[in-house]
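Just so you know, the protein sequences line up as chains Y and S, in that order. When we follow the working numbering, the leftmost residue of the first sequence carries the number 1, and every step to the right adds one. When we follow the working numbering, the leftmost residue of the second sequence carries the number 1, and every step to the right adds one.
Heads up, a few of these hints could be off.
Okay, derived cross-link-like pairs now, BS3-like style, lysine-lysine, Cα gap no bigger than 30 Å in a straight line [what the hints assert, rightly or not]:
#	chain 1	residue 1	chain 2	residue 2
1	Y	366	Y	386
2	Y	123	Y	47
3	Y	501	Y	205
4	Y	19	S	9
5	Y	106	S	9
6	Y	114	S	5
7	S	60	Y	304
8	Y	93	S	9
9	S	32	Y	228
10	S	60	Y	19
11	S	5	Y	106
12	Y	36	Y	56
13	S	60	Y	47
14	Y	375	S	32
15	Y	93	S	5
16	S	60	Y	375
17	Y	169	S	60
18	Y	114	S	9
19	Y	56	S	60
20	S	32	Y	261
21	S	32	Y	111
22	Y	111	S	60
23	S	9	Y	2
24	Y	366	S	60
25	Y	123	S	60
26	S	60	Y	173
27	Y	125	S	60
28	Y	305	S	9
29	S	9	Y	171
30	Y	114	S	60
31	Y	93	S	32
32	Y	587	Y	386
33	S	60	Y	369
34	S	32	Y	258
Hints listed in this document are in silico derivations from the structure and should not be mistaken for laboratory results.
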Amino acid sequence: MKILGISGLFHDSAAAILKNGEILAAAQEERFTRIKHDSNFPVNAIKYCLEEANIKIDELDAIAYYEKPNLRFERFLDAYIHYAPQGFIPFLKHMPIWINDKVNFKRMFMKNLKSIQGFDASKVKILYPEHHLSHAASTYYPSTFDEAAILTIDGVGEWASASICYGDKNKIKIIKEMRFPHSLGFLYSAFTQFLGFKINNGEYKVMGLAPYGKLNSDQVNNFVKIAKENLVDIAEDGSIWLNQEFFQYATASGGMIKPEKWEKIFGVSVREQDTKLEQLHCDLALAVQLITEEAVLKMAAEAKKLTGSENICLSGGVALNCVANGKLLKTNMFKNIYIQPASGDAGCSLGAALAAHYIYFDQPRKATKGMDAMKGAYLGPQYGEKEIKELIQAENLEFQQFQTDQELCDYVANCIKEGNVIGWFQGRMEFGPRSLGNRSILGDATNLEMQKRINLKIKFREGFRPFAPSVLEEECQEYFNLDVKSPYMLVVTDIQKSHMKELPANYESMHWRDKLDVERSDIQSITHVNFSARIQTVTTATNKRYHMLIESFKSLTGYGLLVNTSFNVRGEPIVNTPADAYRCFMKTNMDFLVLDNYVFSKKGDAMDKSMASNSLVTEKK
Amino acid sequence: MSIIKTLVKFILSFLLIFVYAFYILPASLFRKGNRSYQNFIFERRPGGSYFFDRNVLYGKRELEEM
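Just chain Y, with the same shape it has in the complex (with noise of 0.2 Å):
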C-alpha cells in the first residue's frame, strides 16, 4: 500500500509517503522554495518524498488530501450569509480568487499533479479526510497506544476549531468538535496581532513573551476578566465562544480583530511592529496564555471523561504551545501523553495518508512498542559527501574533515566549550518546526552571554525570546523536572531546584528587560525568566550522533546539555541543503559550521590544531 498525503494551500504546504503503514518521507514545501510557510501547491515536497520512496506517482494507492476543500468552501460562504452586511468588500476581494482557486480545486490539483510526473488520474484514488482527521491521524496512529484519546485544536479546518476523538486500533471516532468561529487558536493569533506581532508566525513570541507578564498581578488578572467579560466565554468542557463583535476573521475583512474595541476595552493602544514592548505587552500575553491553558486543561478533562482512556494524543497548532503541554502533563490526568512534532498544518499531510491507509483501506495497526513511529522527526532530505564537496569547491573553501564520529564531536564540543556557536548540519532534515539536532545551531547552555549572542547576533531575532536545551535522556532528570521522554521539544517544565541561583530581592518589581540579566541557574542560556525550560531529550536510538556530541561535551565540561535552536535567521525557513546552511553560517555570527564530517571555520587559523588526530584531514581546495 504506497500513499501520498498532501497537504496546503493556505499555508505550510507539505507532503508525506506511506509505504505498507512505514512513514518513508515528509516535508514542508518552504524548506525547499525558501518561502517561510510557503503555501503553493507542495510540488517540491512532493517530489522529494516520490524520490525518496523510489516510487512513481502511477504506482500510487491513494492520495490524500488534507482536508473537504468543498465543504470549506461552503463554510466561507455560510460566514457570508449568518454576518452580512459585514464582509462586502472582502466577498468582492476574495471571492475572485476562491473561485479561481478552491471551487476549480480539482483540475487545479490534477494538474499540479501531472506538471509533476505524467499522472493518470484515473489510476490513482483521491481521497479527503476532514482536516481534523487528518490532525488526529497525525498523532494516534504514529503514537505506541493501542488506544487513546485524541484532542485536536487548531485555527479552523472546514468547520472545526477543535475536535475530541476516540482512536481504538486502526480506527478514529469523532465525538465532539468545536465549530467556526470560536477557535482557541484564533483566540491566540488575535492576541498575537494585537501585540504586534505576525499571524501564524508571532505566535512562539507571544508564548515566549508571557513569562515575563507578572502572575497573580492585578494587571494580569484584570486582563484575563476583560477578556473573558468581552471576548471570550470559556465553558466547563472547555468549549469556548468568542464574541464576533470583536473579531473580523469571519468574513476575512482584514485581519482578525476589530482594533478600536480591543483598544477601548483594555485601554492598550494596539502594538505596531517592532516598537517598544512594555510590561502590559507581556502581561497581555501572558492573560492569553493562561485563557489557552485553562480552555486546554478542561478539553483535555472533557476528552478524559469521554473517553475513559489514560492515554492522550494532541495536534493541531495549538498543540504546539508546549506551556500548556507542560502543564497537562503536570496534572496526571493521563498516565501517558504523545504530541505529534508535526502538529501544525504540515503534519496533516501525514495524518492524510495515515487515514488512508488505516481507514479507507482498513490496514490493521499494531502500535509500536517503546518508540513512536515517527522516526525521530528525520524524515526530510538528506545531503551527502557529493553535495559538500560541490559547496567546497563552488566556495573555495578552507575545511577539516574527521575520520570518526567521536573525534568529530570531540572537536566540536571543545569549540563549544570554548564559547563558539555551532551550525550543526546532519542527515536527514526534522520535520516540523522544531529543530532536534540535524538542523540546529549550537552553543554552550552555561554561557552567560550565549542567550543574547545567538538572539541578537546570530538568529537577528528579539532578544527577550528563550532558548531550549538538548539534554541527554538520562541526564534529563538532574536538570528538569521532567520524569518523561520529549524528544520532539514540546514539553515546557521547571529546572531543577538545585541548579537554581538565588534572586536578588527585587526581581519581581525589576523592568520586565532586566530580568534576562539576571543570573538565574548555572544553565543560565536556556532558563527562561521564570525558570522554566523547553525540553528535547536526546537518545542514541533516534539521533547517534548528536547525542555523542553532547557526552563529548560533557565529558568536557561535566553538563549533559546544550542550547539547540533552528538553523535559521529570523523571516527564512530552516535551512535544507549544505548551500543553504552554508549562505546562513555566512550571514551571520555564528563561529563553526559542521557538514556531517566537515568543518568549517570563520576564524581562519584558529582551528584548534592540538585536536587534531592522525585521521583528521586539513585541506584547503
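For this one, chain Y is given, so just place chain S on it according to the hints.
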C-alpha cells in the same frame, strides 16, 4: 490580452455584486431558516457547552466525499 482580463474582472465583479445583493443579503435576512444556521453559535451560553456532538466512526465514505 490585458483588455480581455480587465473585461473578465469587470464582469466577475458585477456578477459578485449581483450574488451578494440577490443571494447573500436576502439569505442573511432569513438566516434562521438557512440549513447552515445550526453550525453557528451567536450567543453566549452561560453554563452550557459550545461543542457539537458528532459521534461518527470514520469509514470509507467519509474519506471519499470532497
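Each hint, compared with the structure:
1. For the hint pairing residue 366 (chain Y) with residue 386 (chain Y), the CA-to-CA distance comes to about 39 Å; that exceeds 30 Å, so the pair is violated.
2. For the hint linking residue 123 (chain Y) to residue 47 (chain Y), the alpha-carbon distance of about 19 Å falls within 30 Å, and the restraint holds.
3. Distance restraint check for residue 501 (chain Y) and residue 205 (chain Y): the Cα-Cα separation of roughly 26 Å lies within the 30 Å cut-off, and the hinted pair is therefore satisfied.
4. About 45 Å separates the Cα atoms of residue 19 (chain Y) and residue 9 (chain S), which puts this hinted pair outside 30 Å; it is violated.
5. Among the hinted pairs, residue 106 (chain Y) with residue 9 (chain S) is consistent with the structure: their alpha-carbon atoms are about 23 Å apart, no more than 30 Å.
6. Of the supplied pair hints, the one linking residue 114 (chain Y) and residue 5 (chain S) holds, its CA atoms being roughly 26 Å apart against a limit of 30 Å.
7. A threshold of 30 Å between alpha carbons decides the hint, and for residue 60 (chain S) with residue 304 (chain Y) the separation of about 27 Å falls inside it, so the pair holds.
8. At most 30 Å may separate the alpha-carbon atoms for a hinted pair to count; residue 93 (chain Y) and residue 9 (chain S) meet this at roughly 11 Å.
9. Distance hint between residue 32 (chain S) and residue 228 (chain Y) is fulfilled; the C-alpha atoms sit about 27 Å from each other, no more than 30 Å.
10. The hinted pair formed by residue 60 (chain S) and residue 19 (chain Y) meets the criterion: a straight-line CA distance of about 19 Å does not exceed 30 Å.
11. Between residue 5 (chain S) and residue 106 (chain Y), the direct Cα distance comes to roughly 23 Å. Compliance with the 30 Å bound is thereby established for this hinted pair.
12. For the hint linking residue 36 (chain Y) to residue 56 (chain Y), the alpha-carbon distance of about 28 Å falls within 30 Å, and the restraint holds.
13. Taken as a hint, the residue 60 (chain S) and residue 47 (chain Y) pair is honoured in the structure, with Cα atoms around 27 Å apart against an allowance of 30 Å.
14. For a cut-off of 30 Å, the pair hint linking residue 375 (chain Y) to residue 32 (chain S) is broken: about 50 Å separates their Cα positions.
15. Pair hint residue 93 (chain Y) plus residue 5 (chain S) holds up; C-alpha atoms about 16 Å apart against a cutoff of 30 Å.
16. Between residue 60 (chain S) and residue 375 (chain Y) the alpha-carbon distance is near 28 Å, which keeps this suggested pair within the 30 Å criterion.
17. At most 30 Å may separate the alpha-carbon atoms for a hinted pair to count; residue 169 (chain Y) and residue 60 (chain S) meet this at roughly 16 Å.
18. Under the criterion of a C-alpha separation no larger than 30 Å, the hint pairing residue 114 (chain Y) with residue 9 (chain S) is consistent with the structure, at around 28 Å.
19. Restraint check for residue 56 (chain Y) and residue 60 (chain S): the C-alpha separation of about 25 Å stays at or below 30 Å, so the hint holds.
20. For the hint linking residue 32 (chain S) to residue 261 (chain Y), the alpha-carbon distance of about 27 Å falls within 30 Å, and the restraint holds.
21. Between the alpha carbons of residue 32 (chain S) and residue 111 (chain Y) the distance comes to roughly 40 Å, so the proposed pair goes past 30 Å and is violated.
22. With a C-alpha separation of about 25 Å, the suggested pairing of residue 111 (chain Y) with residue 60 (chain S) holds against the 30 Å cut-off.
23. Restraint check for residue 9 (chain S) and residue 2 (chain Y): the C-alpha separation of about 42 Å exceeds 30 Å, so the hint is violated.
24. Of the supplied pair hints, the one linking residue 366 (chain Y) and residue 60 (chain S) holds, its CA atoms being roughly 20 Å apart against a limit of 30 Å.
25. Distance hint between residue 123 (chain Y) and residue 60 (chain S) is fulfilled; the C-alpha atoms sit about 18 Å from each other, no more than 30 Å.
26. Restraint check: the Cα-Cα separation between residue 60 (chain S) and residue 173 (chain Y) comes to about 13 Å, which is no more than 30 Å; the hinted pair holds.
27. Proximity of residue 125 (chain Y) to residue 60 (chain S) is assessed by CA-CA distance (about 12 Å); at most 30 Å being required, the pair is judged to hold.
28. Between residue 305 (chain Y) and residue 9 (chain S) the alpha-carbon distance is near 53 Å, which puts this suggested pair outside the 30 Å criterion.
29. A hinted pair counts as satisfied when its Cα atoms are at most 30 Å apart, and residue 9 (chain S) with residue 171 (chain Y) does not qualify at roughly 47 Å.
30. Restraint check for residue 114 (chain Y) and residue 60 (chain S): satisfied, since their Cα atoms lie roughly 26 Å apart, inside the 30 Å limit.
31. Distance check on the hinted pair: residue 93 (chain Y) and residue 32 (chain S) sit about 27 Å apart at the alpha-carbon level, within 30 Å; holds.
32. In summary, the hint linking residue 587 (chain Y) to residue 386 (chain Y) is supported, as the alpha carbons are separated by about 23 Å, within the 30 Å threshold.
33. Annotation: proposed proximity of residue 60 (chain S) to residue 369 (chain Y) holds, straight-line Cα distance about 28 Å (limit 30 Å).
34. Of the pairs offered as hints, the one joining residue 32 (chain S) and residue 258 (chain Y) holds, with about 26 Å between alpha carbons and a cut-off of 30 Å not exceeded.
Hints 1, 4, 14, 21, 23, 28 and 29, counting from the list given before, are not met by this structure.
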